[in-house]
Each structure stands twice: as structure tokens, then as C-alpha cells.
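J.: Could you fit the two chains together into a complex? Lean on the hints.
In the order they appear, the protein sequences are chains B and D.
Under this note's numbering, the first residue of the first sequence is numbered 1, with each subsequent residue one higher.
Under this note's numbering, the first residue of the second sequence is numbered 1, with each subsequent residue one higher.
Everything labelled a hint here was simulated from the structure, so no lab data went into it.
In this text, all values refer to a predicted model and were calculated from it rather than measured experimentally.
A couple of the hints might just be wrong.
[As the list claims (entries may be wrong)] With a straight-line Cα cutoff of 25 Å, these simulated DSS-like cross-link-like pairs (lysine-lysine) come out:
(1) D/K448 - D/K148
(2) B/K104 - D/K166
(3) B/K29 - D/K166
(4) D/K23 - D/K81
(5) D/K356 - B/K29
(6) D/K356 - D/K287
(7) D/K448 - D/K464
(8) D/K287 - D/K148
(9) D/K133 - D/K23
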Amino acid sequence: MRVTQGCFSFLPDLTDEQITAQVQYCLDKGWAVNIEFTDDPHPRNTYWEMWGLPMFDLRDAAGIMKELNDCRRTYGDRYIRLSGFDATHGWESLRISFIVNRPKDEPGFRLQRQEVDGRSMRYTTVSYAVDRPEGSRYE
Amino acid sequence: MNEQSMTVRGKDRYKSGVMEYKKMGYWEPDYVPKDTDVIALFRVTPQDGVDPIEACAAVAGESSTATWTVVWTDRLTAAEKYRAKCYRVDPVPNSPGSYFAYIAYDLDLFEPGSIANLTASIIGNVFGFKPLKALRLEDMRLPVAYVKTFQGPATGIVVERERLDKFGRPLLGATVKPKLGLSGRNYGRVVYEALKGGLDFCKDDENINSQPFMHWRDRFLYCMEAVNRAQAGTGEIKGTYLNVTAATMEDMYERAEFAAELGSVIIMIDLVIGYTAIQSMAKWARKNNMILHLHRAGHSTYTRQRLHGVSFRVIAKWMRLAGVDHIHAGTVVGKLEGDPATTRGYYDICRQDFNKTTLEHGVFFDQHWASLNQMMPVASGGIHAGQMHQLLDHLGEDVVLQFGGGTIGHPKGIQAGATANRVALEAMILARNEGRDYVHEGPEILAKAAQTCTPLREALEIWKDITFNYESTDSPDFVPTATPAM
Numbered sequence: 001m002r003v004t005q006g007c008f009s010f011l012p013d014l015t016d017e018q019i020t021a022q023v024q025y026c027l028d029k030g031w032a033v034n035i036e037f038t039d040d041p042h043p044r045n046t047y048w049e050m051w052g053l054p055m056f057d058l059r060d061a062a063g064i065m066k067e068l069n070d071c072r073r074t075y076g077d078r079y080i081r082l083s084g085f086d087a088t089h090g091w092e093s094l095r096i097s098f099i100v101n102r103p104k105d106e107p108g109f110r111l112q113r114q115e116v117d118g119r120s121m122r123y124t125t126v127s128y129a130v131d132r133p134e135g136s137r138y139e
Numbered sequence: 001m002n003e004q005s006m007t008v009r010g011k012d013r014y015k016s017g018v019m020e021y022k023k024m025g026y027w028e029p030d031y032v033p034k035d036t037d038v039i040a041l042f043r044v045t046p047q048d049g050v051d052p053i054e055a056c057a058a059v060a061g062e063s064s065t066a067t068w069t070v071v072w073t074d075r076l077t078a079a080e081k082y083r084a085k086c087y088r089v090d091p092v093p094n095s096p097g098s099y100f101a102y103i104a105y106d107l108d109l110f111e112p113g114s115i116a117n118l119t120a121s122i123i124g125n126v127f128g129f130k131p132l133k134a135l136r137l138e139d140m141r142l143p144v145a146y147v148k149t150f151q152g153p154a155t156g157i158v159v160e161r162e163r164l165d166k167f168g169r170p171l172l173g174a175t176v177k178p179k180l181g182l183s184g185r186n187y188g189r190v191v192y193e194a195l196k197g198g199l200d201f202c203k204d205d206e207n208i209n210s211q212p213f214m215h216w217r218d219r220f221l222y223c224m225e226a227v228n229r230a231q232a233g234t235g236e237i238k239g240t241y242l243n244v245t246a247a248t249m250e251d252m253y254e255r256a257e258f259a260a261e262l263g264s265v266i267i268m269i270d271l272v273i274g275y276t277a278i279q280s281m282a283k284w285a286r287k288n289n290m291i292l293h294l295h296r297a298g299h300s301t302y303t304r305q306r307l308h309g310v311s312f313r314v315i316a317k318w319m320r321l322a323g324v325d326h327i328h329a330g331t332v333v334g335k336l337e338g339d340p341a342t343t344r345g346y347y348d349i350c351r352q353d354f355n356k357t358t359l360e361h362g363v364f365f366d367q368h369w370a371s372l373n374q375m376m377p378v379a380s381g382g383i384h385a386g387q388m389h390q391l392l393d394h395l396g397e398d399v400v401l402q403f404g405g406g407t408i409g410h411p412k413g414i415q416a417g418a419t420a421n422r423v424a425l426e427a428m429i430l431a432r433n434e435g436r437d438y439v440h441e442g443p444e445i446l447a448k449a450a451q452t453c454t455p456l457r458e459a460l461e462i463w464k465d466i467t468f469n470y471e472s473t474d475s476p477d478f479v480p481t482a483t484p485a486m
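One chain only, chain D, in its complex shape (with noise of 0.2 Å):
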């Protein structure tokens, strides 16, 4: 469907009047992307009866210089330098009425390290224009001129393993709960416990901040209590993740340099302070030298649906450039949507350096990093003990596991349940390491070192047939096809 270019050109392309979009130069099939321009991937579903070239023109237009009529202005600027172009449209495979619009946009659009400014374009009006039924953004291709303008993680994976000094395997956290309702006092008690019990870090939950229940700085207060006795007592450095989102960026900076006077490794954010508070927050951390944990509270309102809103793909490219150390990234086998491929490709996302085109991973662009620091993924949301050997095969090593129930549901405490997690580790990269078939030998492997942990054996036996096996709302549109061999 990709036929020729239908801009006018010339003084008739400015008449006054109405428009196609097509026609003004938003569609440009012969048009080959520069090196340096930013690529857009949008999933269009247009109202019925609108021509998908036109709607996919209509977005190129309305997330750049476009308006919904000619405007002789325009020929005071350089303008076809300025106007996204839709080179390519594709059906998308198996969903009629869905097309996929790649949209280059020139550099020159964008203010440099500024998430807000591209995404004010981006996905600013044009996400509520009218001949649309739906619209997704799927993927980006930053051109690494742009990637060089953002500071990036402010401590990145390898800095962050050589200040923890733990290498080798994936780290271990616990998100503390009930998430609402402890006194920073019992609160404490549960980092402690975790911590001690074979955990290196603990995490605050999303909507944990100042409530009436629990103030900040008693929360602070005795989380690094437990983080210093557990250090003391075990000889390795530990973390919680200190939630300092806040009303304003005076507030969060106080909660942050609070944090950092009590000597904590680590802080959070919420993805819901928004783009702007969070590059603030990065550029603290890394002159603070704090890693910077990322909690995606809000994501799936606009990431889940396959037809509209933006996928998470997008959002860990962004939060990447932003300067977050930890995101959430999905788990694939607890509770939480995400299908393995689907997530593969957040995983990659977060960790390489270059990452090739995956369609099926849904990762439509080759996107080279520019030597930016790496982001750790973080699995969290109903996962135990008994899938470490799946979580190890799906996730890999650079990652940090989270067992909130997994461990402080554990029937014999939450010290117990840490260390059920943590020999479940241990064991299972040392047989890994060793050349074992891990992955189906999983539960073999748990069980041999389940006889010298009983806290792991009772880990397995409560927690032995949960899995959470629903349907993926959001999995890659394009399955591997077999290549003969030559």
C-alpha cells in the first residue's frame, strides 16, 4: 500500500482551504529516514470510511507542524525540513482495520534531554484526533545525536553491582506489606527481618509516602535502622528503597537529601511525579551518587491495550534516556501482565548496548545505545521460591527479583523466607554455572538444596502449584517464521 507521493507542491500547495494530509507532505513514500532523525511506529486504527494513508498522514501532521487547515505561515519557515513524514504503511498482520505508520521526524523538532519536549510532540493533541478510533505508539528509534543529549541511568547495572558488591547472580528484594497501615516502627521490622534473612533490599510500595499513619522520616528513620543492623549482621551491604515522591520537586529533594544523610544506597520514585521530576530526580542521584529506583505506578492505563495509548517498550526507552537505575519490567510467570516475548524485549530494552530488530519481540527498530548507562529490570508481583529456575531462564542475571509475599508470607517468617529465596538462588545459578540443564532440572535442583534449608523446603511445599496462567493482552503481532538452513 505503499504508492507514491501525492504532495502537492509548489503555490498551490498553500490555497487557503482545507487539506488532505497526504497532500501536504506528511506523506512521503519515496522519503528514506536520515541517520538522524527520531522514528516513530505507530499502531493506527482509523474510524470507518477514513483512508489509512491519510489517517497515518493525519498523525505525521498533527505531531508535528500541521493544523486543520493551510496556513500561508508555513512558508516562512523551512518547512519540509520540519514536517513529519510517514514513509510506510503495513497492514498489521492479523487485525484488520489496523495499519502500522513509521513516521521519521527531523532532529531539529526535539530540544535536547528533554522527555517532555518529544513527548509534548509525540504523543501530545494528536492521541485525541477525532478520525482516529485508536492509536498506539509501538516503538521509537532515537538516533544516538539524541541519545547523547540525555545523562542516562545515574549509576547504571555495573556500577551499581561493584557499590554493592554483589556480583554473579540476580539480587533479591521484598516489597514490604501490607502495603498501607504499619507504623514506621513495625514497618522497620519487616525490612530487618527480610534483610537479615538473606534479602538485598527491601522496597517501600508505590502509595507509601507520608500518610497519617506513617510520616517520612520515621519511616526513614527505622528503615535505615534495619538496613544498618542487617549490613552489621550479615557483613554485606544491604538497601530499601526510600519512596521519596511527594507533592512538589522542594518536597521530593527534601525526602532525598534525607535519605542520603542517613547514608541509604538508594531511593524511589514513582513514574506517576511525571517526565520532567524525573530526569530532576536523576540528575540528584547521580551527583548524590544514590541509585535511583523506578516504580511504574500508573503504566498500564495507556500500556496494556494492544490498540491504544503507548507500550511499555516506549516508556523503558524513555525512562532509559530519563536516568532511572531500576524499572519495572514484568515477570512473565507471576501475576502481572506480561507474555515472555513481549517482555524479552523490555528486558533488552533495559540492558543492551545495541538492540537489533526483534519483530518478534516486538522490538521494531535497531536502536544503538550510545554506551548509556544500563538499566536494571526489576520482577516483582507474585513470584516465589519454587520458579527461580523459570525466572533465571526468562529474566538472566542483571535483574532484581522481588518476593513481597514470597517472602514475608512465608509460614515461618519473614527472616525464613528470605532465606528460602536466597538458597533458591544460590543453588540454582551455582547449577547453572555447573552446565546442568537448569531449566528442566528446576525443580530437582530445588529440592536437593531444599534438604540442607528447611525454610525452603517449606517454602516449596506452600507455594508449589501457584501460577497465574491468563491470557497476555498485549503479545508481539509477528511470530518467528523458520529460515531454511543454507
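Chain B on its own, in the form it takes in the complex (with noise of 0.2 Å):
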């Protein structure tokens, strides 16, 4: 399966290039970058593991995309998503989200059913990834 988390999933992998213009783009907005990877890509894991600080005063696409490739050396097994942050009053928070790397294999999520109180039901999903532990998850 493919994860459809994103402003982009839909797309053909966007290349290098795209990746930059996005980047300008959220630069140009005086959004701040953030670079975040995880190996759980449960849809409500809010958290991924960020990779240093969102980049407030980093204002250089091609700083930026370094730090992405350093990002994709370490953990290119994993997802890698980058995202804009617009510190605005009344916003303060993301602006674009969207997917920069994956897995090889994306094996998906498991749908739990708890068949509860007659006809009624408690779903759960679960990353079929966390079966394994932390770090050996795409291995």
C-alpha cells in the first residue's frame, strides 16, 4: 500500500527539484522547515521524531535540502516528511505538510474490530511496522 498522509501522496515521488520549489515556497511565506521522520506512520502518531529544530533562521532551500539528505542517509529507510511553520497569531502552526521519503516496502495497517454492546464496534488500526521494534522496522 502506499501511505496517502501528505499534501502530495497522490503524485508520482516528487524529485529533488520539486522538493526545493516547496521548500522556497514555505521560505518565501517566512515559514519555518521542520524535517521529521518516524517508522510508525499510524495516521493520529502526531509525534515524529524531529530532525533538529525547525529551522527559524535557516532562510536557504539548498541548506535546507542538505539537511534532508543528511536526514535521508541516517533514516532512509524510514518516512521523511518536512513541513511549514507559520508562527502567525491566529495560525501558529502548519501550513503544508507532505511526504519527502519512504519505505521500499509500506506494508500498511492492520483494522482491529472489538465487536461490543450487540451490533456496535471499536475499531483500532495498527501499523503492521510496530510488530517489529524500533529501528527494525523496515529492515
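T.: See the structure below:
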């Protein structure tokens, strides 16, 4: 399967040139670019690991691409996403977020159904990847 | 036409009998509205022969303290404070016989945090007043002091996006069709296919409640099966607006609670349930971490005609106060009423923290929202993937684009329809962010994306010439005038 989180998951994987253009868009808007990675892409896994702090002061797309490539070298077997953070009053959250790296094989999710109270149901989504310990999930 | 006050003062003001409204203190052209006043702008069309100033003063009177004759009991009150004051009357441009009346109301006239109370005054008896041919409430200025007495949207755009983990693009939805007749099991199939194919939301239609062909519990159970299956199949948060509209508050609470138990992220209500019920559901939604979608069922009975009723921009303001998270606000390019400028005004009211007076968008007042949450506008009705560049241009990023027919009517099925819409959207956002002139290059951008997406190619082919070009019945009275460069 293909995890379709983020802004561009339905398009063919972005090239570095395309990613650079999106980074430039974020910088032009004054947003801080952030790199995060995870090996548990559960839709409610909000807190992916941060590749350093959000780059509030790095205003150069090439510099950010270098950080991304460093992250890929270490965590290339995992999901990596880029996001743009807007600290403007009234927003103070992400303005954009998209996946820039995926494991070669995406095992997806198991849907557990717990039948309760007659026909009612409790649903739980579990990443198949988390059946293995953190760090060795996509080996 | 804003001549001086005609107010009779002293004991003559309270002589028994009938006195013109403009002499009773409801026409005060020198009055300067206070920052704390509620201001209403009415379009007044007096009966033939009725003096426009008198007609506008009557609107102020009948929507505040007046009755048809002088009453001595006014003297037991601080009557001058409680009288609404019409302070300005302008002829409506290009519309002989109609006048814009600006009327200020003291804040003490209104119960805090109650749309029902506000509207009972402002659109109460006065709309049936015989000396008027027609009356329309065009806009309102709500003072910050009053705004702060309302909860506002239960969730708001930012938290909705955070909860759904979806940033940087409009959300995509579809209303399940046919709107009536599907069984719960078949209904859930449509929801599953659309969500799996790439939409974020599905939606019950306004008149799906609990009918013989599908009772509400059945619908909720099958829909949540569909939502959870699609969520597990894509790794994305998905939702479907479960319509909890019902005959009584007790029924609505019961349905909303069941939706929450099943793990739905969103429920919906119809405008026809009434202002008080809407405010109750907004409070419930905030308490239960639920996004609250409002379908504006019924609004066109009073918003559409220019001369009589209530403008939708006022309804949008009331709904932001009342506390819904989503509101249908027009598509510009789709099958339902709405010219671009007026629709722009509605969208600004939903999403900005400060609305600047913009007459060419029909926004008559500066309005501070005092950090009240933003409302997500929803564009629904006759839109399709081929219009993606126009939709993005007119409606922006913080909007739900609902492609009902444009998803379910796809020749290769619902998943294909959903995928076509999602690919079209992502391609357009990508191009816009790259700095391309996406509005003009839109068709080209879509064609390029269709090269690697067969469903999009098919969608573009089948709906390529579908547009709805009809004259709007409600458009702004003011056109922008060019200001010479300094």
C-alpha cells in the first residue's frame, strides 16, 4: 500500500528539484521548515522524531535540502516529511506538510474490530510495522 | 438625505396618540455609534408615498422599543438609551425606491451569547411591517464586547487541520448520492469507495435523517465501518459527516453521542433546526472533541432575493458566533447561486480575524472577531476536477471542496472519481507553490497530471464543457472605483 498522508502523496514521488521549489515557497512565506522522520506512520502518530529543531533561521532552500539529504542518509529506510510552520497569530501551526521519503515496502495497517454492545464496534488501527521493535521496522 | 433630527423632546414627546417614528427619537442623524453598539444595515423599500426617512425610523423603532402609538410607560425607562437609532439613510445605487438604513442598537438590548435573542429583535416583527414593501438585512457590525459572549466555532480551522493531520491544501469531500433511498449497507459502500479513493470526507445530505429505507443507527454503523476501513487502507484520517438532525434535542443528543462512541471525527446538523439548537450542538461538539458541520438547508428561502430577507453574509456571521465549524458558502463556479464578489465576502467572514469594509464584496462594516475560531467554508454543488484551478483561485486553501456527482458519477466508479479529484488538487497546489500562473495554465497543469492518472483523464474528458453560467440574483450594489495612483 501507499500511505497517502501529506499534501502530495497522490502524485508521483517528488524529485529533489520539486521538493526544493516547495521549500522555497515556504521560505518566501516566512515559514520555518521542519524535517521529521518515523517508522510508525499511524494516522494519529502526531509526533514524528524531529531532525533537529524547526529551521527558523535557515532561509536558504539549498541548506534545507542538505539537511534533508543528511536525514535521508541516516533514516532513508523510514518515512520522512517536510513541513512549513507559520507562527502568525491566529494560526501558529503547520501550513503545509508532505512526505519526501518512504520505506521501499510499505506494509500498511491492520484494522482490529472489537465487537461490543450488540452490533456496535470499537475500531483500532495498528501499523504492521510496529510488530517489530523501533529501529528495525523496515529492514 | 441625512438632514437634521426631528425628535420631539420634553413632555410633548409623550402626549397620547400616534406620532411619526422619525419624531419619536428613532431617527438621529447626528448620532455617532458607540464601539459597543450593534449596528444593522437594512435595505428598506417603503410603500409608494411613504417618506423614506420615516420608513427607516420605523424599522429602528419596530426592531427595538416602539409600538404603533405613544405609551407613557416609556418614561419609566432610560428610553433614549434603549431606542435603536437610525443614523444614516442612503439611496441604494441603481435601485430607485430602495434605501440603505444604518441603525445602531445599544448592547443592553441583547442577551449575551444568544442568537435567538439577537434575531428576535433584528428580524422579528419588523419584517412584516405594512408601510414597507420589502426589507432586507444586508449586514451587521457586531461589537467585540458582544462577540466575546459567544463560544464560536467548536473546533476552528487550525485545530480541525491538526486533528485531521491535513495541511496545505483544501479538503475534499463528497455527498453520498442518491440522497434518498439507499440502505445503510449500500450507503456505507459509497462512503468507503470515496474515502479509499482519496477523499477526506463524505457527507450525509440535508434530508437524510432516519427514514424507512435507512434508520440512523444503521447508517452510522455502516458509515463508521467504511471510515475505519478506508483509514486503515490509506493511513490517513478520514471522516463522514453523520447528520444528527432530528425532531427534538433529545434525539439529536442521542445520535451525536452514538457518533462519538463509534469514533466519528465529525457530525452535521441542518440550519433548519434553528439557532438555539445549533448553539446547543456547538456546545456539545466542543465538549466532545467533535467537528460540527452545518448544512445551510433552507437559507435560500430568505437569502436569495435582493429586496427582501436576510443576506447570507449575516447568516454566516451568526453561525460563526453560534459555533459551527463548517458552513456551505458557495462555489462561484458550480450549480448554486453566488457571484464571485459576494461569495468572496462570505468566505472572508468565515475565515478572517478582521473583516475590512469592502463594499464591492458586500461587506459594509469593519468587523473584529476577537480571535473567535475560524469557520471552514464548504463549496458544494456542481463542481468537478476540471475546475480545480478556478476553485483554488476563487476559494483559496482553507475550504472543503465537495464533489458529489463529480466523484460518484465517474465512469470508472467512485474510487476512480475520488482519485481524479485528489490528483487534480495536489497537482494544482504543487504548481501554485512552484510559482506557476496556475489560473491561466490550469487546463495544461491538469492535462499533464492526467498523463500519469487515468481516472483524471477520464474525468476531464467527461465533464470538460460543464459550466453553470446564469445571472446571479444577489450581487453587490457597489462596483470598485479606480483610485488614481498618487
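J.: Would you mind marking each hint as holding or not holding in the structure?
T.: Going through the hints against the structure:
no. : hint            : verdict
1   : D/K448 - D/K148 : violated, 49 Å
2   : B/K104 - D/K166 : holds, 24 Å
3   : B/K29 - D/K166  : holds, 19 Å
4   : D/K23 - D/K81   : holds, 16 Å
5   : D/K356 - B/K29  : holds, 22 Å
6   : D/K356 - D/K287 : violated, 32 Å
7   : D/K448 - D/K464 : holds, 15 Å
8   : D/K287 - D/K148 : holds, 19 Å
9   : D/K133 - D/K23  : holds, 22 Å
When each numbered hint is compared with the structure, violations occur for hints 1, 6.
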